[in-house]
Amino acid sequence: MDAPDFRTRYRGVMARLNHAFAVADEPSFETLIGELYAERDLDMRTGIARLSQSLADALTRFQLDSRISSLAEKEIPDARLRLDHVLKMTEEAVHKTLDLIEQAAPLAEATARDAKVLSETLDDRSHTDIRRFLGEVQTNAERVRLNLSEVMLAQGFQDLTGQILNGVRTLIGEVEAVLDELAKMAGIPATVASRYAEGTGPSGPAVPGVTSGAVTDQQDVDNLIAGLGI
Amino acid sequence: MGSAIRFLVVDDFSTMRRIIKNFLNELGYNNIAEADDGKTALPVLKTGEVDFLITDWNMPGMQGLELLRLVRGDPATKKLPVLMVTAEAKREQIVEAAQAGVNGYVVKPFTAATLKEKIDKILSTQAAG
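Protein chains in written order, with our numbering: chain S, 19 to 248; chain R, 8 to 136.
By construction, these hints were calculated from the structure, which means they are not laboratory data.
Be careful, since some hints might not be right.
Said to hold, decoys possible - These stretches of chain R come out as covered by chain S in the derived footprint (C-beta under 8 Å, 3 or more residues): (1) 27 to 38; (2) 42 to 55; (3) 95 to 106; (4) 114 to 120.
Keep in mind it's a predicted model, so treat the numbers as computed, not measured.
Using N, Cα and C, we set each Cβ at its ideal position, and we do this for glycine too.
All chains, full assembly: derive it from the sequences and hints.
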């Protein structure tokens with residue numbers, strides 16, 4: 019409290035105190051002293067209330083620090099969803115691979131079987147059968163080739179799952195950095211540097227239930243692109 | 008004639024580069040260079056020996072979108088056909104790539120038919136232009 023405020027504040031009561039003292043009015047003097055005490059008491063209680071409110075605010079801020087709250091409420095659950103999605107994608111890719119292999123294997127098997135039968139029964143009158151067989155060989159071999167091509171493309175899941183895993187790895191790095199910061203605040207020596215800056219660039223493969231504003235399939239992309247005049 | 012086209016495939020995942028390269032081989036294109044991000048792609052582009060660029064978006068070092076902008080900003084490569092093959096599937100990203108001058112956009116995972124269709128479409132547009 020600076021001087022002018024202090025003097026302004028107490029000028030009135032001092033004048034009345036002086037007057038009561040000068041005229042030896044003891045009851046008034048005691049009442050005025052009592053009022054001064056009451057005022058001092060109120061000031062102290064207001065101060066304590068303000069202090070405890072600040073303390074409560076600080077604790078709330080600490081608990082609900084945006085990064086920590088974002089990690090707890092969104093990013094960690096998102097990370098779980100992403101890992102679930104990785105499992106689903108790898109499972110789907112393996113099924114697709116198995117489907118294509120199951121389609122390709124009997125074709126190769128039939129080709130081999132027919133070739134064996136034909137070679138065992140081949141005679142001069144077999145030209146028609148040979149032509150039919152060669153036609154089948156061509157069709158089946160082409161089918162096998164196309165299936166194997168699709169098998170190859172299906173392996174692209176490794177790129178997509180890898181990107182998602184990389185995202186989760188970065189997130190874990192951030193969690194480490196936040197925990198490291200908390201450890202510093204608690205006076206525990208730091209071991210992890212805050213080297214995991216928050217990414218602002220591309221977001222990687224769309225994850226159902228996590229990514230918003232993504233296209234749903236290539237047709238969607240084509241429509242969007244066509245709409246842009248490309 | 009198709010086999011004479013020189014491709015540059017840019018992707019940080021070696022598996023994806025291999026898949027695209029094998030697929031291009033199946034389509035009859037055998038002249039294929041590879042790079043694992045925009046930074047390593049630039050020197051290859053500077054040689055002037057690339058007719059068709061296929062690039063991922065999300066890569067360490069230099070990303071596909073920045074590579075596309077640099078390609079469009081360089082008089083020597085500004086008309087180079089660029090097909091983006093990426094997992095980035097947000098509408099605003101596709102719009103961004105279109106505005107940066109991409110010729111085609113394929114979202115991973117893609118089918119053989121989709122990739123072939125986009126490559127053929129870009130090449131026929133180029134031939135017509």
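Here's how the hints hold up against the structure:
no. : hint       : in the structure
1   : 27 to 38   : holds (count 3)
2   : 42 to 55   : violated (count 0)
3   : 95 to 106  : holds (count 10)
4   : 114 to 120 : holds (count 6)
Comparing the model with each earlier hint shows a violation of hint 2 alone; every other hint is respected.
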